[in-house]
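Engineer: What follows is each chain in one-letter form.
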Amino acid sequence: MISTEKRISTAQLFALVFILGMSLKMMMLPVLLLKSCGRDSVIAMFVILVAELVCLAGATAAIALSPQKSFGQLLKATVGKIAAKIIFALMAAMFFLKLLLLSGEVRIFFAENLFTEFPWCVYSVPFFALTTVISIGTARAIGRTAQFLFPLILAATVLMLFLIGRGVDFTEVLPFGEFAARDVAADSLRYAMWYGDYSALVVFLGSVKRSRKTVAISMISGVTASAVVLFFTLGLTASFSNVCYIIHFGQNVTGMSHYALGNIMQGRIDLILFCVWMMSVFLKGGMFAYAAAYCIRAIAPMNRTLPALILGVTLFVISCFIPSATGLHTVMADYVAIPAIAFQFAVPALMLTVSLLGRRRERKGEECERMGEDCEQINERECAEDDDA
Amino acid sequence: MMTRRRRILVYKLFCILFGLVLLCLPYRGMPYSDLRVVATVLGIDGGVGEVSVAAQLAVPVAQNGDGKASTVATAKGGSISEALENLEIGLGRRVDYGHLSTVAIGEGMTLEDVTEHVSYLMSSGKAGPGAYLVYCNASKAVDFIEQAQQMGESSDAELGSLISYSKSGNHVATTTALRFLQTLNSSSHAAIMPCVELEGSESDAQPAAAGGTGGGGGQGSSSGGQSGQSSGGGTERKKLVAADTVAVYGGESKLPVMLDAYTTKGVVWQDKNSDFGLVELRNVLVDGEEVKSLSTRITKKKVKRSVKRENGENVMEYKIKMKLRLDDSRICGSPLFYDKWKNAIEDEFESVIQNNLLAAVSFSKENKVDFLGIRETFRKFCREGFDSFELDNVVVTVKADVSIQT
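Line by line, the protein sequences are chains G and X. Mapping the first sequence onto numbering that gives the first Met the number 0, position 203 (from 1) lands on 202, and the numbers just tick up by one. Mapping the second sequence onto numbering that gives the first Met the number 0, position 405 (from 1) lands on 404, and the numbers just tick up by one.
Hints are supplied without guarantee of correctness; some may be wrong.
Unchecked claim - Once the Cα atoms are required to be at most 27 angstroms apart in a straight line, the calculated DSS-like pairs of lysine-lysine come out as: (1) Lys341(X) - Lys364(X); (2) Lys318(X) - Lys341(X); (3) Lys318(X) - Lys301(X); (4) Lys34(G) - Lys125(X); (5) Lys253(X) - Lys291(X); (6) Lys379(X) - Lys34(G).
No wet-lab data here; the hints were simulated from the structure.
The whole structure should be built from the sequences, with the hints applied where relevant.
Structural biologist: Next up, the structure:
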């Protein structure tokens, strides 16, 4: 059982959920959907966000119901050690791929907007180092960091969205229905690796100081993050609905804020705001790295440092072999989409299942203690009653 | 378990290793500030095969008090990308386009070439979506920028300042690169571009504020921005003028169609983005008395378009609601103002708005260029009307509601 002092508070969970729900999805996903689905990208994004909120509800319900034990303990008690290790291996692989995708997005942003003349290592290696350091830490350290940075991230987000809201003609989103619903759905599912990020909450199972409002506050955070993403998607789609061909992969919220500023004589304040906002992306990368390291430690017990270092080095080596981040997009969209869809729904479902079963076991154990009987005797009596029936 | 000292040692080794890797990595760029210049205005002439570009550049110079000098560089190439590359080669410096505020299109550029050049600038990231587009009414863009540069010492931001002020402080039409392409690629297939010119060239040297003429039918007018500096001790005086006309691309013509001042006002009245600035009535007859000039400033403007299918016809209604603040206290101080003049002046403004906008609609129908975006509006809000859309058969009504505040 995790001690109370090492658990994260509800406020920290709020910040973590907001960052998980927003960061990666505001980088390239709206651009990818716009290029695939045109105006219907807004509808596609809405459906994606609703599905994500369902998964978030499952994950937070699991956190609220869990008997203050870690996911690893609960899973092993439910399915056994060998099956648990297989599941952890798959989860580690998925979290690593998410981290790889996130690093690719960071690489595109810096390469297109800020450091156009520099090799990618200059800005990617510090990112790898950061995620490695975060993954060595504890869940509480991540929670406290998120809580500390959250006001800055929120302020930057609000300012950018305020700028976008001022300068964009949202009627340009209309009309919907340019593409068939089946095509929109198929294109949306191709980018499954870009969402389903609430699965990372699995590492916080049993590590949250629960209150009556834990689920409600988490859902509010998730809904807010989803609203932010949808608003940005609306702004981007409204601005580029007829000219999808000119939009490039570096075009994201910073470009939109720049456009909506309306007066270029004010300089590139949008980039400053975006650099502040980028802290959420770095933190999210750290969460994915932490989750992957957590799963690796569950497979083979080791100290915190070794799996983190393995992840960091592997990330760097693989990135060296990726010629461009857009090539990474193709791999993620073509080969990993289906596992990503399964992962998105399977992890919260698994969290909820092991939490409920663990809670049931715990109650049975308490009942045994209260009645002062040997639990085996109770089980035998129950089995005999079942046979009679 | 790694001890704290050992961990710190690992971090230090990592930092040293990272520094070594940085030193060994090749870099492609020229990061030094004295080898870079910042382009603030870009002018383009010609089409594929021969493209000329001119860029107004801010050059970081340490010696000057303000730390900045400006210059104009020109280049040619077979395409716009080649021309921009030749610009850098000729300068011997890397040009940064992150602060590009305005793109000037030279006179006579075809629709195809404008689309090609602007699309390239945006897709390559050289021009941001908020860069303004202007059309050089009576000159090539290269000549225009060169002459504008000669106007004074600190004219590096003149054109950019003029356009950005026009957008926020003047009741004239402005457009950005993104908005131009967005409307051009809509179902209306037409877009406008405000004009700029240098007064003192071949064109008529009338002030840009087009005055209304005639009795009761006074024209509302905008104040075209003027920015001028005398060039040296000669008698010739050049002024940078935001002309009160716009160039319309689209329709059947490859070349732009120029709207006159009267029709341009119609375009500006229905533009939601033009919601500030001076609007004027001239030579207005109010209750038998002639008011020579009546200046007001827009404090609030709302434009609403509604479309519907009525009795087998496509009907579009403009509802323009404006609040104006009287600029001239002499008029509002008159005891006649509230009794007789206020309503009459408001009615006069409403009449002007209707006449201007309906003139713009007529021009659009006659020339078969839907620069008001009527077809696109039907596409967004009335599918039935869009399916049977004919620009000539659209019935357009204008309802203006003007309220003058003192």
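Engineer: Work down the list of hints and note, for each, if the structure agrees.
Structural biologist: The hints, checked one at a time:
Our distance criterion of 27 angstroms between C-alpha atoms is broken by Lys341(X) and Lys364(X), whose separation comes to about 35 angstroms. As the CA atoms of Lys318(X) and Lys341(X) are separated by approximately 21 angstroms, the hinted pair is consistent with the 27 angstroms bound. At most 27 angstroms may separate the alpha-carbon atoms for a hinted pair to count; Lys318(X) and Lys301(X) meet this at roughly 8 angstroms. Proximity of Lys34(G) to Lys125(X) is assessed by CA-CA distance (about 20 angstroms); at most 27 angstroms being required, the pair is judged to hold.
Between Lys253(X) and Lys291(X) the alpha-carbon distance is near 42 angstroms, which puts this suggested pair outside the 27 angstroms criterion. Distance check on the hinted pair: Lys379(X) and Lys34(G) sit about 20 angstroms apart at the alpha-carbon level, within 27 angstroms; holds.
Against the hints set out earlier in the document, violations occur for numbers 1, 5.
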